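*Asks:* Here is how the chains run, residue by residue.
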Amino acid sequence: MPSKSPVEREVVAGLRRLLKRGLPVTPAGADAVLLDLRGIIARAANPADDASRTAALDGTLRGLLARFNDARYAPAARALFGLPPAEPGQNLTVRRELSAAQAGHEVHHFRKRVEPKLVEKIAWELLADADRFTRSAMIAPRLAPAANRQPFPADPFAWEVAEHEEQLTRLWSAIYAARAELLAVERLISLDVDRVDIMTTAVTAAWRWAGARAEAISYCTSFAPESETSPDELVVLAGWVPPLTRAQASRLTEAAAGGVSRERFTAALQGETGLSDIWVDGFLARSTAPEFTPEQENGSSS
Amino acid sequence: MTSTFTNPALTAALEAAATGDPRRYVITGGPSSGKDDLIAAIHAAGIPCMAEEPGREIYRAHRERLGRHLRREDRRDYSLEVLEAFVAEYTTHKHGTRFYNRGIPDGYGWDAFFGLRPTPQLEEATRLYRYDAIFVLDPLDTFEDPDDIVWAKDREIRRVHELIVQGYFDAGYEPVFVAPDSAAARLDFICSNLRLPKPSRGA
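Sequence lines, in order, name chains P and C. According to the numbering used here, the first sequence is numbered sequentially starting from 6. According to the numbering used here, the second sequence is numbered sequentially starting from 244.
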């Protein structure tokens, strides 16, 4: 039988402490481990404020208890936490007696055998809820075979969600396209092909990399929550590129913005031989000078 | 399929309430919660109900005016315009029973979805204009198949739903959750909760 994870144990312990006072959750009764759950932070009107997170925890627990999916024990679980038929302010002993009666158990049996399971179930629901709120643009969305057409309901929320997925998909398409060209450059260098071929592929890689950076900036501006993921954290997932200053990275990005063709990209950079040399020589130098590391700065979006 | 039968007892109850104090009930939930089907069933049962959520038309108008999708900086204006429409819907109803296709506190969910703080206008409207009951339609898709939830949009739609629910808790309501079921069964559940005759009894 699988054992509980440390997080699950902490959430169970946090709920047990909360149970002493029951609902409504007060700042004194809310453990940090519960207030730090992603689902709670995401619901809080002001995530930096403990009172706001406490209100979010209260709402989340009420919602979970109202939808408790075990018909036999749902009234007992609600009463245990202080929802009707229990009343706010009742102590745990009174609530437990009510819960035991609701579940049709003798109170000592209920306390020892049933109550821990109810608390564990709520803890599991809280963790599952937190998982639903785990979002990271750093992970490409998995795709699944579409067996059916997936029409959207006529709903502004649904339209916004669709728009978000469209942008996320464009972003990852650009990141993978850049990755393909960066891999090709390294492969050609390793094959020791003609320098002209390497240069041509390196320019293609620059175009794709800069396009991915432009998409990442567009995505983060429109959709990514502040301070969670930066455009450069996203674009570095495509692979290593020669170290660039912020101005050089911005110059390449501007030339590639708007999904321009490779020809327009190179035309926009006509005459910028210094930048071209830094990019191409960076790859060629790296092949013989392994002291270059991927941690080196690639410029910033700001 | 929506029933077109009307329970005479329900009609009588609605007529009796028509000249009395206003009673306002909100139907809400995230996308894919079956809200449109339920609203259609409410109309078919002859219960007064808001036709279409005003947010849709306002959203379309904003997009048309901007010529692009709403960016972070546009969403506050959209949110305030939708709030204005919901307040107008609320205040024009003076007597009898009426259902609403979403309510003022849905604004909390919208704002939270976009990382915006609730506006003072939303807080004020929430305090002034109170509904008599809130019915939250839980999503029809329970995502029991793990493959279903890999779609970013499915996860996001579930997140929207939970943020809407939290908005109503934040607004001081205790929503009634309506489990996934047919629109007719859900409407029966809601009417029963409001001590109104069940529409299906007329079928």
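Worth double-checking, as some hints may not be accurate.
Quick list of simulated restraints, FRET-style, between CB atoms [to be verified]:
(1) C:Leu309 x P:Leu188: 30 to 40 Å
(2) C:Gly263 x P:Ala145: 50 to 60 Å
(3) P:Ile144 x C:Asp320: 40 to 50 Å
(4) P:Arg147 x C:Thr262: 36 to 46 Å
(5) P:Ala53 x C:Leu383: 34 to 44 Å
(6) P:Glu13 x C:Leu383: 23 to 33 Å
(7) P:Asp282 x C:Arg319: 39 to 49 Å
(8) P:Asp41 x C:Gly263: 26 to 36 Å
(9) P:Trp129 x C:Leu371: 33 to 43 Å
(10) C:Arg373 x P:Tyr181: 34 to 44 Å
Which residues of chain P face chain C? A partial, calculated answer using Cβ under 8 Å [as the list claims (entries may be wrong)]:
(11) Arg137
(12) Asp160
(13) Val166
(14) Ser223
(15) Ser227
Think of the hints as simulated: they come from the structure by calculation, not from any bench. This one's a predicted model, so the numbers in the text were calculated from it and none came from an experiment. Heads up, the beta-carbon is just placed ideally off N, CA and C, and yes, glycines get one too.
*Asks:* Could you run down the list of hints and mark each one as holding or not?
*Replies:* Each hint, compared with the structure:
1. A hinted range of 30 to 40 Å holds for the C-beta pair C:Leu309 and P:Leu188, which are about 39 Å apart.
2. Look at C:Gly263 against P:Ala145: about 57 Å separates their beta carbons, and that is inside 50 to 60 Å.
3. Distance hint check for P:Ile144 and C:Asp320: the Cβ-Cβ separation is about 32 Å, which falls outside the suggested range of 40 to 50 Å.
4. In this structure, P:Arg147 and C:Thr262 break the distance hint of 36 to 46 Å, their C-beta atoms being roughly 57 Å apart.
5. P:Ala53 and C:Leu383 have their C-beta atoms about 35 Å apart, which keeps the hinted 34 to 44 Å range intact.
6. With their beta carbons about 29 Å apart, P:Glu13 and C:Leu383 fall inside the hinted range of 23 to 33 Å.
7. For the pair P:Asp282 and C:Arg319, the beta carbons lie near 46 Å from each other, so the given range of 39 to 49 Å is met.
8. Checking the proposed 26 to 36 Å range against P:Asp41 and C:Gly263 shows it is violated: the Cβ atoms sit about 48 Å from each other.
9. In this structure the hint that P:Trp129 and C:Leu371 lie 33 to 43 Å apart at CB holds, the actual value being about 39 Å.
10. Between C:Arg373 and P:Tyr181 the Cβ separation comes to about 51 Å, which falls outside the hinted range of 34 to 44 Å.
11. Interface hint status for P:Arg137: upheld, as the beta-carbon distance to the closest one in chain C is roughly 5 Å, under 8 Å.
12. Interface hint status for P:Asp160: upheld, as the beta-carbon distance to the closest one in chain C is roughly 4 Å, under 8 Å.
13. About 4 Å separates the beta-carbon of P:Val166 from the nearest beta-carbon of chain C, less than 8 Å, and the hint is met.
14. Because the beta carbon of P:Ser223 sits about 10 Å from the nearest beta carbon in chain C, more than 8 Å, this interface hint is broken.
15. The beta carbon of P:Ser227 comes within 6 Å of a beta carbon in chain C, closer than 8 Å, and the hint placing it at the interface holds.
The structure does not agree with the numbered hints 3, 4, 8, 10, 14 stated previously, though it agrees with the rest.
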